[in-house]
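These protein sequence lines map, in sequence, to chains R and S. Every letter in the first sequence is one number past the one before it in the working numbering, and letter 9, counting from 1, is 9. Every letter in the second sequence is one number past the one before it in the working numbering, and letter 513, counting from 1, is 513.
Don't read these hints as lab results, they were simulated from the structure. Check the hints yourself; a few may be wrong.
[What the hints assert, rightly or not] For lysine-lysine, the following BS3-like pairs were computed, each having C-alpha atoms within a straight-line distance of at most 30 Å:
id: 1; chain 1: S; residue 1: K95; chain 2: R; residue 2: K12
id: 2; chain 1: S; residue 1: K76; chain 2: S; residue 2: K37
id: 3; chain 1: R; residue 1: K12; chain 2: S; residue 2: K519
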Amino acid sequence: MEKQSVIYQWFKFLFFATILALTYLYVLPALASTYPRPMLQKISDQDIDARALFYTESDDALRAYYFLRLEGQRTKKNLTPTR
Amino acid sequence: MKNAFYRTEDFAAIVAGGAILLLALILFFTCHHLDVKSEQQPLIEELQAASTENSAFKSVAWYEAFDKLQAIEGEKKRVGIILKNLTDKPGGWKKNPLESMSLNERAAEEISHSAAEAYDQYILEEEMLKEQALEAEANARSADYTEQNLNNKAEEAIDIWREKKAAGASVVRKYKTKPYSKWSNLLMLFLFFAMIFGMAARWMHNAMAPFLKGFIFVFAIATFSHFLAGQASIKEMGIGYAAWAILVGLLISNTVGTSSWIKPALQTELYIKTGLVILGAEILMSKVLAIGLPGIFVAWVVTPIVLISTYWFGQKIIKIPSKTLNMTISADMSVCGVSAAVATAAACKATKEELTLAVGLSMVFTSVMMVVMPLAINAMGIPEVLGGAWMGGTIDATGAVVAAGAFLGNDALNVAATIKMIQNILIGVIAFGVAIYFTRMGAETGKKVGLSEIWKRFPKFVLGFIGASIIFSLVYSLMDEHMAYSLLDQGVIGGFSSRIRGWLFCLAFVSIGLSTNFKELKSHFTGGKPFILYVCGQTFNLMLTLLVAYIMFYLVFPEITESI
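One chain only, chain R, in its complex shape (with noise of 0.2 Å):
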């Protein structure tokens, strides 16, 4: 009993990873392929990375902010305080 236990337990995790790769290669990718085009494109040209968690995992939200500080101290409204 205790070896077919460990046999089943094993047969258990070959058919889920199957079922994990299957989807990991091939549900997935297709899933993606039927977002927009041109925001495929985008995300890929502009190299975003879209798994960001957290806006400092992301240089183009950290660009972002630095990029509003200056502009309103370009514009000199006040769109954030000078120090």
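We have chain R already, so just place chain S on it with the hints.
Coordinates of chain S only, in the frame set by chain R:
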């Protein structure tokens, strides 16, 4: 005493997180403060000269000075390169998975060569568009910038040039491909973490050797999760390491089972708490004012209203049995997704299954909203700035916000990313507020508790989190924005501490996956209540954010909108 505060996980997390932050601050500032300053000074003068010469619109000279300034990054300096390599993770790959770990010289040359023609074409087109922009600018200058028609034509030509530059990022990166190998970097990082957390285990009177043995496996799965997240299509969909860490962990724990030799390394709370102390340094209070009052209203007024309303809805209407699950989902939906879920779950002591559920819901909806929202904004004819504010305040993850914003345009991207950043900063206040609320109310008994009991139950790591935020906010406010961007944002934080924090969250999610029973996870989803809560809360969030963004950006502060 074993149970004294200084022997607890919270203390170890505060010390470990604080030490990492202090190390980074000292290294970057002592080694590179002066050379960054000397590099920036002439460019700052160029930027100021360009602003003085032309206040009607951002000139080519202004943009060129800005491009050079934002390219000065602490992480590209000597210390930054060492620390960035130390925190490296498997890179992106398209068809060849081995590219995520190494690329030899021949392969790098092949990639560079394949991009050569596109690069030359890009350079030609970019130069041509820049010439056209300079010409249009000269026409506007000849009228002393008083002719609005000429000014508009110049701005349009400059925008076209800027879009071309942005669209060339990938071609330039490919053309400049260099060989690399990440194996030794990963080994160094493993040793770094093993040392820190091995010592923490020893400090908390746990055996070090069993921890280190299990940590090899946990770190390997974390690396594998980063590898899975690096595939090009997966990257474009925004499915990051968190999802893969949990899925692979669940796969193992619910089939062959997590072996006993791995369990000592499943220190979920230690990894999360240390990560959260480090996250505190990324909560820079002065950034709240980035786009003035409109930004504050959208990010800091709407968000708490949505959070509290959703929590109330979950308690009174949907009647979710677990308060901590309710709070974690409400926070991740209303604030900023996975990071908010992690911080809130730790603050209210939610179970790992509850955190997993909240993270899963957030990631699924983020992927959908990233695509649907820009399409809806275009279909409804919503202006770029308003659309950006709407997406920034509602889509959970920053990467997805940036991708969605880029689809609409540069203004949308800038506003969306900045609103999301202001919202991210709210995590500190939310985590503290949630900790106080749940500690006072005593989630299990529902009875109020006294001050000493509050202190006893209070998750102390939150103090490290708030402390790091206060210290770094002070440091940030003492510097000028250029130094703050180069050495803090793109140095201490962007080049080191946030990367360490990302790894810690990944280790935490692997530990969660490896110790979660799928049946227990499923039981929290009975009746679909978490899903209903998320959908209802997000619907309210979408409506309120759009309304407040419209009022703030177009009715109350139209001049701020005009200058963006």
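Checked hints:
| no. | hint | in the structure |
| --- | --- | --- |
| 1 | K95/S x K12/R | holds (28 Å) |
| 2 | K76/S x K37/S | holds (14 Å) |
| 3 | K12/R x K519/S | holds (15 Å) |
Violation of the numbered hints given earlier is absent; every hint is satisfied by the structure.
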